[in-house]
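Trainee: Numbering-wise (our numbering), the sequence shown opens with residue 1 and increments by one.
Derived from the structure by calculation, the hints contain no laboratory data. It is possible that part of the hints are untrue.
Calculated cross-link-like contacts (lysine-lysine; reagent style DSS-like; alpha-carbon spacing at most 27 Å) [to be verified]:
#1 Lys273 x Lys260
#2 Lys210 x Lys63
#3 Lys210 x Lys273
For each label pair, taking beta carbons as the anchor points, the in silico distance ranges come out as [unchecked claim]:
#4 Pro23 x Leu280: 37 to 45 Å
#5 Asp221 x Ser251: 15 to 23 Å
#6 Arg228 x Asp269: 47 to 55 Å
Here the structure is a predicted model, which is why all the values come from computation and not from measurement. We put the beta carbon where it would ideally sit given N, CA and C, even for glycine.
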Amino acid sequence: MNGGLDVYLLGAGASHGSLDCEPGVPPLGCELYERLLERPGFRDAIPRQFVPDRQSLEVTLSKLWDEHTEHMIPVLRETALFFSEFRPKPTNLYVELGRRIRSRASQTVLASLNFEMLLEMALFGSGVPCHYEGTFPAQGATILKLHGSANFLPTVAGAMLSDGSLLRAVERTGLASCNAIQIVNDPSLIHAYVKSTGLPPMVAAFMPNKPVPFCRDVIRDLWETWLRSVRVAETLTIIGVDLSGLGSHVSDPLRALRGKIVYVGPDPDARDKLAAMAPLASYVTVAAPSFHAYLGARIDTPSYHLW
1 MNGGLDVYLL
11 GAGASHGSLD
21 CEPGVPPLGC
31 ELYERLLERP
41 GFRDAIPRQF
51 VPDRQSLEVT
61 LSKLWDEHTE
71 HMIPVLRETA
81 LFFSEFRPKP
91 TNLYVELGRR
101 IRSRASQTVL
111 ASLNFEMLLE
121 MALFGSGVPC
131 HYEGTFPAQG
141 ATILKLHGSA
151 NFLPTVAGAM
161 LSDGSLLRAV
171 ERTGLASCNA
181 IQIVNDPSLI
191 HAYVKSTGLP
201 PMVAAFMPNK
211 PVPFCRDVIR
221 DLWETWLRSV
231 RVAETLTIIG
241 VDLSGLGSHV
251 SDPLRALRGK
261 IVYVGPDPDA
271 RDKLAAMAPL
281 ASYVTVAAPS
291 FHAYLGARID
301 TPSYHLW
């Protein structure tokens with residue numbers, strides 16, 4: 001990657017604060033488990049005596065890994081299907097963010113910790129050139145989904161959906177053996193994949209104190225790209241990220257950052273936290289308490305088309 005990158009790190013607060021969505025805005029991390037419990041398939045996948053951390057899906061998944069590993073796949077399936085349902089509408093703030101980055105799209109990296117596809121749908125729909133890291137043609141802004149995405153479908157070399165060999169391969173070697181992903185744009189293909197394979201898309205690639213549960217090589221490549229991007233970032237803009245809950249794969253690369261940090265969010269201690277995480281940064285500033293305040297109250301409706 002070339003120097004002078006504009007790098008963004010987007011958390012649950014960014015998607016929740018992006019406002020104009022169908023069927024509504026995605027929940028914040030502390031609300032996610034309760035929202036998922038509204039889905040019968042998710043409730044049925046949780047063991048009766050299991051005690052979750054209702055404030056953190058990542059911690060809940062980590063406990064589930066330890067205590068009821070056999071329930072991981074159905075829980076991740078339902079989680080992915082939940083996030084596949086969200087759509088941006090024309091005044092979604094990711095659409096406006098796309099307008100702001102359009103002139104420097106090729107020098108922009110958008111790293112997201114979110115599983116839904118609001119960011120990419122908004123950018124593609126508003127005509128902002130962009131691509132997923134590792135896909136071709138590599139034109140425009142780079143989208144980097146650090147924890148996976150509802151539209152990342154695991155594959156295994158030599159295995160196919162049609163004859164059941166994919167499921168058999170995973171049963172033999174585990175999801176960690178999935179050595180590649182297929183990225184789809186149509187959410188109906190996500191449902192078809194889950195129905196035909198019984199497997200989850202590649203979501204929840206980070207759980208505290210646990211290995212990457214599947215597609216490890218793919219995820220590690222994404223994390224390495226994040227490190228390289230941070231090293232050459234001119235500006236890192238952090239929107240809606242829980243700074244206290246960052247895994248080391250996200251926070252450790254900040255030690256190498258020499259550019260500027262712009263924080264958007266409600267954390268009153270953000271400046272001190274980021275100064276400690278990124279001691280070489282040229283400066284740290286708190287720009288606004290919310291995504292909406294950062295972009296400005298008046299947002300004109302752009303030309304926009306759904307996928």
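Trainee: Checking one constraint from the list: CA of Lys210 to CA of Lys63, max 27 Å. Satisfied?
Mentor: Holds - the C-alpha atoms of Lys63 and Lys210 are around 10 Å apart, at most 27 Å.
Trainee: Lys273 and Lys260 were given as a pair; does the straight-line alpha-carbon distance stay at or below 27 Å?
Mentor: holds, 14 Å
Trainee: For Lys210 and Lys273, compute the direct alpha-carbon distance and say whether it is at most 27 Å.
Mentor: holds, 24 Å
Trainee: Measuring from beta carbon to beta carbon, are Arg228 and Asp269 in 47 to 55 Å?
Mentor: violated, 29 Å
Trainee: Is the gap between the beta carbons of Pro23 and Leu280 within 37 to 45 Å?
Mentor: holds, 43 Å
Trainee: For Asp221 and Ser251, compare the CB-CB distance with the range 15 to 23 Å and indicate the outcome.
Mentor: Taking Cβ atoms as reference, Asp221 and Ser251 lie about 19 Å apart, which means the hint holds.
Comparing the model with each numbered hint stated earlier shows that hint 6 is the single one that does not hold.
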